[in-house]
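Go ahead and model the full structure; you've got the sequences and the hints to work with.
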Amino acid sequence: MAQLTYRDAVARGLAQELRRDERVVLIGEDVAAAGGVFKTTAGLLDEFGPRRIRDTPISEQAILGAAMGAAMTGLRPVAEIMFSDFFGVGWDLLANQIAKTRYMAGGQLSLPLVVRAANGGGLRFGAQHSQDVANWVMAVPGLKVVVPSTPRDVIGLLAAAVRDPDPVIFLEAKGLYPVRGEVPDGEITDTLGSAVVRRAGQDCVIVALGLMVPRALAAAERLARDNGIDAEVLDLRSLVPLDVRAVLDALERTGRLFTVEENPRLCGWGAEVVSICAEEGFTSLDGPLVRITTPHVPLPAADSLEDAALPSVDRIADTIAKSMD
Amino acid sequence: MDVELYRQMVRMRAMEKRAYDLFLRGLVKGTSHLSTGQEAVAAGFAAVMRPDDYTFATYRGHAHTLARGAPMAAILAELMGRGNGLMSGKGGSMHLTSTEHGMMGSYAIVGAHLPIAAGAAWSAQLRGTEQVAVCFFGDGTANIGAFHEALNLAAVWQLPVVYVCENNQYMEYTPIADVTAVERPAADRAAAYGLERIVVDGNDVEAVYETALTAFSKARTGGGPSLIEADTYRHGGHSRADPGTYRPQQEVEDWLARDPLPAYRAKLLAAGIDEETLAGIEDAAARETDEATKAAEDGPVPELALIERDLWADGGAAWRN
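If you read the protein sequences in the order shown, they are chains A and B. Be aware that the first sequence starts at 1, since it is given in this note's numbering, and climbs by one per residue. Be aware that the second sequence starts at 1, since it is given in this note's numbering, and climbs by one per residue.
Each statement offered as a hint is correct.
The following label-pair restraints were derived from C-beta to C-beta distances:
(1) R124(A) - D314(B): 35 to 43 angstroms
(2) V3(B) - Q128(A): 56 to 64 angstroms
(3) Q128(A) - G69(B): 43 to 51 angstroms
(4) D325(A) - A305(B): 48 to 56 angstroms
(5) Q249(B) - R265(A): 51 to 59 angstroms
(6) R265(A) - D21(B): 47 to 55 angstroms
(7) D314(B) - G88(A): 27 to 35 angstroms
For lysine to aspartate or glutamate, the following EDC-like pairs were computed, each having C-alpha atoms within a straight-line distance of at most 20 angstroms:
(8) K29(B) - E303(B)
(9) K100(A) - E308(B)
(10) K17(B) - D283(B)
(11) K218(B) - E196(B)
(12) K100(A) - D314(B)
(13) K267(B) - D2(B)
A few chain B positions that, by computed beta-carbon distances, are all more than 12 angstroms from chain A:
(14) P71
(15) S239
(16) V252
(17) R258
Honestly, the hints are just simulated from the structure, not real lab data. We put the CB at the ideal spot given by N, CA and C, even for glycine.
In structure tokens:
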């Protein structure tokens, strides 16, 4: 067991898979010699060499296209898009090519590739380097979407993503890069589509993802201390596949469900979750389903504004306390 | 080889004309982009390819798919939305794919497949297989960003990929010269990526073949990518909805006079190939097309279960438990 940052867990997870399978390769801007702008790929060039760890030009379409072409011909590429906001530059490759080609070809080919990207807010980078775009990719049939919230999950879910036979969008919560967590020694593997209960509770469930998971946990502690509310925290970990069973189980146990989403309001993943709960968990409901999200705006840069726009521990706890009063 | 080049062009022409007839009869739905007139490019390149080489084409990809060996019946059935189509009816005219024949797909968003072909070439390079990827695209593609990103990456990584611009003089309905800063949309950009400027008469199947041979052998032996501009002309409009009336009549007539099929037929006759052999090829292609049409028309409607099949590698489309 060791303490590892979320950032270092990315490099460890990649190294684990690069050692295991020689078909695994990594490309992206500044991923090799520089070790990544967030230092998430530090040391990989030294261990695995320039054939497998490659710097690319600033060419998001080329990066994604190269990964796709390599995946359909026998490699298991991991492509880094530096900031998930840049998906916009390569959106045709992501949404039209990578996502649709297997289906259109009637299953003649597979695309076992991973697109990693630093996602979301917390670093005061402004609206073009800070948005949580999980809902963009979640809306595209043919893409799996994973967002780890702990260093251990970074490694395990990255392993699952690399080993998965389909395209996986792996969103790293960049606000969590410096956060440390316990990581066991040896190989770590995991399963896509399995949510994890981070805190057991009886009165309500807070469904969260990525950067919002530690905030939901802190909010649950505050609710227990200040309001006598025993909140469960469910970490979804992946949006596609979605662990609907875990969500409905938690709703059935507690009778109240809240989502905490980093994304702007409209069409966030929480909308899908509450819609499923309304359809399939209606008889479990003891009160309204409530979504706590960033307002429907681009994320502002100033620290005070960014902090107030993203769901904070206080906003989460206050919203839940008021709703359950 | 000479006769074989002719055979392939005749088959392509027969199939494309049939596709047009089937469209007029309402049996080919949606849209389709025919390459009638451009057969020499497809035939010349396919002839130099190894069975395990990779072809990437555009929505104008019927002939390239046939050239790699995909059955004509499956191609026509795919155009007609039948269950015995190349992709069981899930792709349609613009997305013909047959990986078992090295046909890695027809891509319908202009430019997208250039980086994908680079990726396949990179994979071949890493795996050390000496496979080559060839990527066909139209003149309009040379003005989209993905073209430039892919050419640059291919050149920097010295990838075994051959980029072939089928310059049929029009980007959809607009003369390519009206919207391009240089005279030759692809070849005049080659220098920007440290590549040789290569232009070939795309209606001369032997010239195409020789050019392809050079580019493929360069790619296969580690010499890196090539960018080739093949001058050609589509006999019809851009797509099925387009009669192509924006083209000057004299220009059309000039190009029809350079139709690659009769030109090559005359050349073969002059070279001593007998009329009977050529007529036999034409008859066989007509028979193949009739049989393929019947097989396609007799094909079943795709089963509805296909809608939620093959999104994922497990064969299904589930997004939740």
